[in-house]
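2 protein chains.
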Amino acid sequence: MPGADLPVTLDDIRAAAARIGGFVHRTPVLTSRTLDALVGAEVFIKCENLQRMGAFKIRGAYNAIARLAPEELAKGVAAFSSGNHAQATALAARELGTSAVILMPEDAPRSKMAATAGYGAEIVTYDRYTEDRVALGTALAEERGLTLIPPYDHPDVIAGQGTAALELIEETGPLDVLLVPVGGGGLIAGSAVAAKGMHRDTKVIGVEPEGSDDTKRSLESGTRVTVPVPRTVADGQAVSVPGELTFAVNRHLVDSVALVGDAEVIDAMRFAFDRLKTVFEPSGATGLAALLAGRVDNLPPRVGVIASGGNIDARRFTELLGG
Amino acid sequence: MPGADLPVTLDDIRAAAARIGGFVHRTPVLTSRTLDALVGAEVFIKCENLQRMGAFKIRGAYNAIARLAPEELAKGVAAFSSGNHAQATALAARELGTSAVILMPEDAPRSKMAATAGYGAEIVTYDRYTEDRVALGTALAEERGLTLIPPYDHPDVIAGQGTAALELIEETGPLDVLLVPVGGGGLIAGSAVAAKGMHRDTKVIGVEPEGSDDTKRSLESGTRVTVPVPRTVADGQAVSVPGELTFAVNRHLVDSVALVGDAEVIDAMRFAFDRLKTVFEPSGATGLAALLAGRVDNLPPRVGVIASGGNIDARRFTELLGG
Numbered sequence: 001m002p003g004a005d006l007p008v009t010l011d012d013i014r015a016a017a018a019r020i021g022g023f024v025h026r027t028p029v030l031t032s033r034t035l036d037a038l039v040g041a042e043v044f045i046k047c048e049n050l051q052r053m054g055a056f057k058i059r060g061a062y063n064a065i066a067r068l069a070p071e072e073l074a075k076g077v078a079a080f081s082s083g084n085h086a087q088a089t090a091l092a093a094r095e096l097g098t099s100a101v102i103l104m105p106e107d108a109p110r111s112k113m114a115a116t117a118g119y120g121a122e123i124v125t126y127d128r129y130t131e132d133r134v135a136l137g138t139a140l141a142e143e144r145g146l147t148l149i150p151p152y153d154h155p156d157v158i159a160g161q162g163t164a165a166l167e168l169i170e171e172t173g174p175l176d177v178l179l180v181p182v183g184g185g186g187l188i189a190g191s192a193v194a195a196k197g198m199h200r201d202t203k204v205i206g207v208e209p210e211g212s213d214d215t216k217r218s219l220e221s222g223t224r225v226t227v228p229v230p231r232t233v234a235d236g237q238a239v240s241v242p243g244e245l246t247f248a249v250n251r252h253l254v255d256s257v258a259l260v261g262d263a264e265v266i267d268a269m270r271f272a273f274d275r276l277k278t279v280f281e282p283s284g285a286t287g288l289a290a291l292l293a294g295r296v297d298n299l300p301p302r303v304g305v306i307a308s309g310g311n312i313d314a315r316r317f318t319e320l321l322g323g
Numbered sequence: 324m325p326g327a328d329l330p331v332t333l334d335d336i337r338a339a340a341a342r343i344g345g346f347v348h349r350t351p352v353l354t355s356r357t358l359d360a361l362v363g364a365e366v367f368i369k370c371e372n373l374q375r376m377g378a379f380k381i382r383g384a385y386n387a388i389a390r391l392a393p394e395e396l397a398k399g400v401a402a403f404s405s406g407n408h409a410q411a412t413a414l415a416a417r418e419l420g421t422s423a424v425i426l427m428p429e430d431a432p433r434s435k436m437a438a439t440a441g442y443g444a445e446i447v448t449y450d451r452y453t454e455d456r457v458a459l460g461t462a463l464a465e466e467r468g469l470t471l472i473p474p475y476d477h478p479d480v481i482a483g484q485g486t487a488a489l490e491l492i493e494e495t496g497p498l499d500v501l502l503v504p505v506g507g508g509g510l511i512a513g514s515a516v517a518a519k520g521m522h523r524d525t526k527v528i529g530v531e532p533e534g535s536d537d538t539k540r541s542l543e544s545g546t547r548v549t550v551p552v553p554r555t556v557a558d559g560q561a562v563s564v565p566g567e568l569t570f571a572v573n574r575h576l577v578d579s580v581a582l583v584g585d586a587e588v589i590d591a592m593r594f595a596f597d598r599l600k601t602v603f604e605p606s607g608a609t610g611l612a613a614l615l616a617g618r619v620d621n622l623p624p625r626v627g628v629i630a631s632g633g634n635i636d637a638r639r640f641t642e643l644l645g646g
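Chains as they are written, first to last, in my numbering: chain A, 1 to 323; chain B, 324 to 646.
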């Protein structure tokens, strides 16, 4: 396959699956005849909203922390995140017997701070209008000897994220196309290595919010493009430039990127609720949105979708759907 | 076991499972460490909200219709229902190549009428303030030679409903207690036959809304008690008297009934949304509500819960949770 010398291989993903298997859920794959009839294809949705801590992020964080040396584990880990990566790092660190320091903006949602603290992490806050989190976090990690766990741009993180697609395809058999939400690109990089490694003809299509199309533009131009601060309801995908390592994988293995608008994402969340009885956060619904809104041309017969997460509370959900 | 001469046996349930297996979903079993920590037990939730047409009802309806004689199938079936049994009968009839007539009150929710019609059933409406649906339905069935498919009080329906517990326990192994929502009593009758047939020491506890405690009262008095018109948010359990056949099973096999209030049910729906990322209709959440509200004393270590359905739309959900 193209890019056989990529930084992450199918064997790495299989090794990650064995490493994290006793800890992460093997999440269910949902199907719906109503959905199939609507879109004219057989659709298999890998429900990472039902994963531990509510999103696929735990796969990569756990895999990366599990591979640290004993002396690194003795000192602890750190992450910058106000989202699912914070909770993933905190939970994985606790389960692996180490400590985590999470740098979060001081105005991060209380519920996310509480969940992260609930997993036993120390939270350090900063003022995101006046302080630079990378400088702060790097200084903090250096001072305390902590290992930084990046949210996507690391081979062990990418390999861990790829285990969701591996499980999906083990269960469904060959897929014609796999739709994967794209933020920093770690989930789709791992998914593409898994999917094309298992069946080289499977197409891998990314899905980005219209307001955050950095990976689409980067693939089209062949080099990493930075877009302005993303404005999208899909906060988990609000990234303005692809990762270096993720882009090095994705430029070889991702066939195209579909874009979805906020209203399409909200419609997909409503469809998931009403018809699939399941809760997707906006980023978790973008793959389904691309299907329902007809954003993928010439849909082939067998379609996989990674629903990346479900971390939205009932209050925010009703606001979004009512608005 | 007590009641070995009951109208439904574990073998009937195994036969039903084989009969309906290619048609119904083998629904996922959800677990949540957060939930386990909150209630102090290991909890396994059988997600019949993810069943075809969104509720367990399809199991019994399909099993009953599949057992009809060819000459009965040639004439068609009928049901009275404004709820999940209507959709279940319509869908099962279509899949089994027969026709269905569903008698619904003329003020039934348009969405339920549309779903039922969408499965190809003929809908006959009546005025529920002035007309007697049993007399109407019986006359209609007689006139057209249709077979009535009862919502719970039939051995084939009970055997079909029992397949959910069978699947659950096949997956989890022995449970100390199984919590099952109770309306007319078909789901719990089948569940109790399955659970106690597989492991005689498993306790089976029913869950009823406070405003619809006919089975609790009937079990306590040893005879079927009729309660006033139920007032409860859990419309799927708003039944005022247990079925004859279901009560004949349940009086032998159900250990006790826990009651839950409307606010507790709504809290459980919110918990399911926020933490389990799944959608339960009110009746589907009553088992979880009993756990979260501490309505089951001396909870043993391994607890099964049947979440019976998820047919609530996003609009009604936001009304209930906002109210």
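Please keep in mind that the hints were generated in silico from the structure rather than gathered at the bench.
Since we're looking at a predicted model, the values are computed, not measured.
Glycine included, every Cβ here is placed at the ideal spot set by N, Cα and C.
Hints may contain errors.
Claimed, not checked - Simulated pairs of lysine to aspartate or glutamate, EDC-like, Cα-Cα distance not exceeding 20 Å:
hint, chain 1, residue 1, chain 2, residue 2
1, A, K112, B, D597
2, A, K75, A, D176
3, B, K435, A, D274
Said to hold, decoys possible - Pulled a few chain A residues facing chain B out of the computed Cβ check, cut under 8 Å:
hint, residue
4, G22
5, R26
6, V39
7, S256
8, L259
9, G261
10, A263
11, R270
12, F273
13, V279
Hints, one by one, checked against the model:
no. : hint              : in the structure
1   : K112(A) / D597(B) : 12 Å, holds
2   : K75(A) / D176(A)  : 45 Å, violated
3   : K435(B) / D274(A) : 12 Å, holds
4   : G22               : 14 Å, violated
5   : R26               : 10 Å, violated
6   : V39               : 17 Å, violated
7   : S256              : 29 Å, violated
8   : L259              : 24 Å, violated
9   : G261              : 19 Å, violated
10  : A263              : 15 Å, violated
11  : R270              : 5 Å, holds
12  : F273              : 5 Å, holds
13  : V279              : 4 Å, holds
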